[in-house]
Amino acid sequence: MASAWCWSCLSRLRPTPRAILPPPAVTPRITSAPFHSTAVQYANPTKKKSSLVATKYRQGQVLKRKKKAKTERARPPAVGERKALRKRIVLSNPNALEVEGMKDLSPETMVDSRLRGSVVGLPVPMLERLRAVQAFKPKQGWSIFRRPGTVLRRDTIEMGRLFEKISGDGDAPEKGKVIKKIITGMKGSGKTVHLLQAMTMGFLKNWVVITVPDARDLVSGDTAYSPVEGSKPTQYVQPNAVSALLTRTVEANRQVLSTLKVSQKHPGLSGLKPTSTLEDLAKLGFQDAAIAWTVFQALWTELNATAAAPGMENNFEARPPMLVAVDGLAHWMTETAYRDADFKPVHAHDLIFVQHFLSLLKSGQSLKNGGMLLYATSTSNNPSNYSLEVGLNQLAARQAGIAPTSEEYPQPEAYSNPNARVLDLFKPATGKESALELQTLGGLARDETRGFLEYFAHSGLLRESVNEEWVGEKWTLSGGGIIGELEKLGRHVRTAAQPVAQPVAAAN
Amino acid sequence: MVFILGVNFPERNLLKKSLETFFGVGNNTSSRLLARFNIHPTCRVGELANKQVLDLTAVLSDMKIENDLRREVLNDIKRLKETGTYRGRRHALGLPVRGQRTRTQIKTPVRLNRMERRL
Amino acid sequence: MARPTYGIVQAMQSLRLYSPSSYRLAAPALRRQARGYATETGNTTGDVQSSSDLPPTDLPSTEPPATELSSTQPPSAAPPLAEAPPSEIPPAVKAAPEINFDRFNAQPARIVPASPSYFSGSPRFIDNVLKLESLQAKYASLPTVGAGEAPRMAWFKLAQFRDYVGEPVPMKKYKSLLKILQRLNRIQPEMVPGEVRSELNNFLRPGNPYAAQNVPRTVDENGRARAKGKRKESTAVVQLVEGEGEIMVNGKSLVEMFQRVHDRESALWALRSTQRMDKYNAWITVKGGGVTGQAEAITLAIARALLLHEPGLKPVLRKAGVITVDARRVERKKPGHVKARKMPTWVKR
Chain A
1 MASAWCWSCL
11 SRLRPTPRAI
21 LPPPAVTPRI
31 TSAPFHSTAV
41 QYANPTKKKS
51 SLVATKYRQG
61 QVLKRKKKAK
71 TERARPPAVG
81 ERKALRKRIV
91 LSNPNALEVE
101 GMKDLSPETM
111 VDSRLRGSVV
121 GLPVPMLERL
131 RAVQAFKPKQ
141 GWSIFRRPGT
151 VLRRDTIEMG
161 RLFEKISGDG
171 DAPEKGKVIK
181 KIITGMKGSG
191 KTVHLLQAMT
201 MGFLKNWVVI
211 TVPDARDLVS
221 GDTAYSPVEG
231 SKPTQYVQPN
241 AVSALLTRTV
251 EANRQVLSTL
261 KVSQKHPGLS
271 GLKPTSTLED
281 LAKLGFQDAA
291 IAWTVFQALW
301 TELNATAAAP
311 GMENNFEARP
321 PMLVAVDGLA
331 HWMTETAYRD
341 ADFKPVHAHD
351 LIFVQHFLSL
361 LKSGQSLKNG
371 GMLLYATSTS
381 NNPSNYSLEV
391 GLNQLAARQA
401 GIAPTSEEYP
411 QPEAYSNPNA
421 RVLDLFKPAT
431 GKESALELQT
441 LGGLARDETR
451 GFLEYFAHSG
461 LLRESVNEEW
471 VGEKWTLSGG
481 GIIGELEKLG
491 RHVRTAAQPV
501 AQPVAAAN
Chain B
1 MVFILGVNFP
11 ERNLLKKSLE
21 TFFGVGNNTS
31 SRLLARFNIH
41 PTCRVGELAN
51 KQVLDLTAVL
61 SDMKIENDLR
71 REVLNDIKRL
81 KETGTYRGRR
91 HALGLPVRGQ
101 RTRTQIKTPV
111 RLNRMERRL
Chain C
1 MARPTYGIVQ
11 AMQSLRLYSP
21 SSYRLAAPAL
31 RRQARGYATE
41 TGNTTGDVQS
51 SSDLPPTDLP
61 STEPPATELS
71 STQPPSAAPP
81 LAEAPPSEIP
91 PAVKAAPEIN
101 FDRFNAQPAR
111 IVPASPSYFS
121 GSPRFIDNVL
131 KLESLQAKYA
141 SLPTVGAGEA
151 PRMAWFKLAQ
161 FRDYVGEPVP
171 MKKYKSLLKI
181 LQRLNRIQPE
191 MVPGEVRSEL
201 NNFLRPGNPY
211 AAQNVPRTVD
221 ENGRARAKGK
231 RKESTAVVQL
241 VEGEGEIMVN
251 GKSLVEMFQR
261 VHDRESALWA
271 LRSTQRMDKY
281 NAWITVKGGG
291 VTGQAEAITL
301 AIARALLLHE
311 PGLKPVLRKA
321 GVITVDARRV
331 ERKKPGHVKA
341 RKMPTWVKR
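Protein chains in written order, with full-length UniProt numbering: chain A, 1 to 508; chain B, 1 to 119; chain C, 1 to 349.
If you are wondering where the hints come from, they were derived from the structure by calculation, not from laboratory data.
You may find that some hints are simply not true.
[Unchecked claim] In the SDA-like style, the derived pairs of lysine to any residue whose C-alpha atoms are separated by at most 20 Å in a straight line are: (1) Lys51(B) x Ile291(A); (2) Lys252(C) x Gly442(A); (3) Lys187(A) x Glu246(C).
[As the list claims (entries may be wrong)] Which bits of chain C does chain A cover? Going by a derived footprint, with three or more residues having C-beta under 8 Å, they are: (4) 247 to 255; (5) 272 to 282.
[What the hints assert, rightly or not] Which chain A residues face chain C? A few, computed with CB under 8 Å, are given here: (6) Val256; (7) Trp475; (8) Leu477; (9) Ser478; (10) Gly479; (11) Glu485; (12) Lys488; (13) Leu489.
Where a beta carbon is used, it is the ideal one built from N, C-alpha and C, also for glycine.
With these hints in hand, go ahead and build the complete structure from the sequences.
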């Protein structure tokens, strides 16, 4: 057919719908050519399959797309299944090699400075109890080794010595002391594992271990709360959280609690017999959340009792020291997701549960039978909190010997409006007894790094030979032995690019 | 199933979202309701104590929600129409009332604004 | 041939329009004081007179016929000039004194500017050009070196040159002057004549910036090697001292600064590839750009600092690719493009 373009004047011809045109076979030969014409038009008509049938009028182009075949989706996971998967803690990897000659953490090894830098296993019977207090967190890399173990670093051994002193034999001078520590440090510096080590040591020494594995749970507005009658300003109790705490405490400390008998009078608890153990007492709480807080208070007074109430002396035993471990302290310094009746946010210090644990930090013998308070900050999922920052800076300054009256003593910036209650927590202690300490965890030393990486090699995760130079390199790359980074590097090495071997000797 | 203001709610549903199913209760009102009775924001319907259910029901029944609120709104529109205001006319014509453009995107008024308005 | 010329000279002298010898007279004066531009009568005449002690010695020798012509003829031409005016001009107007053709060479009839380019728009500039051109012609035969080997000179910028000559010199003309300067500068350094050198020095910017040679950096007295590195938009400054492998970046540890292991490795690649990681401490400040840029700017800076401590490592570092500057930068976006190169989708209609 004719071209749609006039090639002589390069204008576009209006196309005639083919349906209107007569079939090409019957086009008469006109002798006088019209103005626009082509030779093609007058050439012999090309053969067509069905020349008589007019071709169908052209239809618009339609985007034809294959419809997506609906794939049969697997059923969505059941309620709570994904969370369970996320929170799952795997403590053993059967593919990893067993490390020969690895010692267990025990009352002897935890103070043995010769073992510094070596990895010691957590005692297997202790694992269930550690799980009960939620000492393990999902992303700490427990699942790459045959069995859980921790490196004995300087801080660990120092802590071991403290445990030994506090629980000391007979009339040791340090016996019954209270150590109050706030543990800070960079991300991955091992704060939570430090708490884990403390808990293990507490179990080994038959202490009572009470933990708050995640401080955020109490302030995120995920458990029930109710105001305490007649408190001013209004305080709130969280029955379910207390009940969970009691459950944790009983599961982990059953051995200790079941041997101790009730020694005080608890008029608020009717179901209590004079012969019942502390375990029975705690169980009252997690059977009925409504009285959980009363039960906890009763348990707390029992554990802190130094002598029995009159008339109940017959089966009184000395109470063991206590370890209180809290992780994620910063959450307790802010306003919570809870609202009071006037729809104002409730400050964490108004939660009676939180207030109880924070008041232990204040000066004085807060644990009557001695023990340790370890409150760790966290760097993951952490609210930024200026007041806490100032408080910790002040604490660090005091520890460095700067007097609170001196000019160098850190003060909150003008108009920054820090929370007075938070700053009050970190005020200098008035008594001489047991001041609050700040412990900042840094990186591992070089020899500790070496021991840690050798453990990776022994477990079959590393193919390299662990030598001084290689360890030094990893130490630098991990920002000075930050243990979390070292653990990443230890796993990473299998795929990491290796530096090309080059003639260093020649260069020297 | 828990009965709040004559409606049955499954126990696993979030209380806050359940309250918001009532016409006239939104995010703000429901959060304030929860705060008033010291119920935590992620509470499920099943976790409510009996007293709390009664309290909630009592408060909700005092509030102007559901049909009362609908009636009030319809009355307001009716008043606008009867007084012959511009806004009333727009309601009747099925056009946007508050000065929006009408060149495009007036699906919602076309759907909702009519002589016999329904809510 | 001599006759008609003689007649014309006479006629012109009578009209006091032109003195053929004036230019020749001015030439020696120009030679002596290049920048004395006489405009005031007393001043100039004094100058010319004071210098007139000298020129008679050489002037007649160079142009004897002209001086003779002008000096011998005046008496015949003078009378008509002196007689004609009194008839028409009122007595109050005094006639000009008679031209003393004996002293005509020393004291011309009118003031002659010292510079031949006096009546051009930019006499000083043209003087400079003429002088340079004459120098160039004079020493054209001296051997030259390539443009690259010639000593680097900081010539006046255009604005500075305009200030220097005090005339609005156009860019193009200044460029042509620069060309002559550069040609003169290319004369083989050992053979540059003194006058060329002193002339070239007139055109240098004060405080020649190229004169100061770069002092090679070394480790300072405290054992610190300082070096800079750049990559993308980032700039890093490294202070490298011998130590145990402690690295601080902007006052933070390496881990806080670079979350990705890859970035940490690339930042320390110079130390790692030479196995010096545990032998140096580094204090680094880095700013600008993103994470990758900062890491790789540090790479370069550390490599350079390491070279100050141990120059022998150069081949190793070169092979490791850490002392090669990556000069690539983000290409600018262009108008009409969606990005640097991307064009909008082409639509037929």
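Hints and how they fare:
| no. | hint | result |
| --- | --- | --- |
| 1 | Lys51(B) x Ile291(A) | 17 Å, holds |
| 2 | Lys252(C) x Gly442(A) | 13 Å, holds |
| 3 | Lys187(A) x Glu246(C) | 18 Å, holds |
| 4 | 247 to 255 | holds (count 4) |
| 5 | 272 to 282 | holds (count 6) |
| 6 | Val256 | 40 Å, violated |
| 7 | Trp475 | 6 Å, holds |
| 8 | Leu477 | 5 Å, holds |
| 9 | Ser478 | 7 Å, holds |
| 10 | Gly479 | 3 Å, holds |
| 11 | Glu485 | 5 Å, holds |
| 12 | Lys488 | 7 Å, holds |
| 13 | Leu489 | 7 Å, holds |
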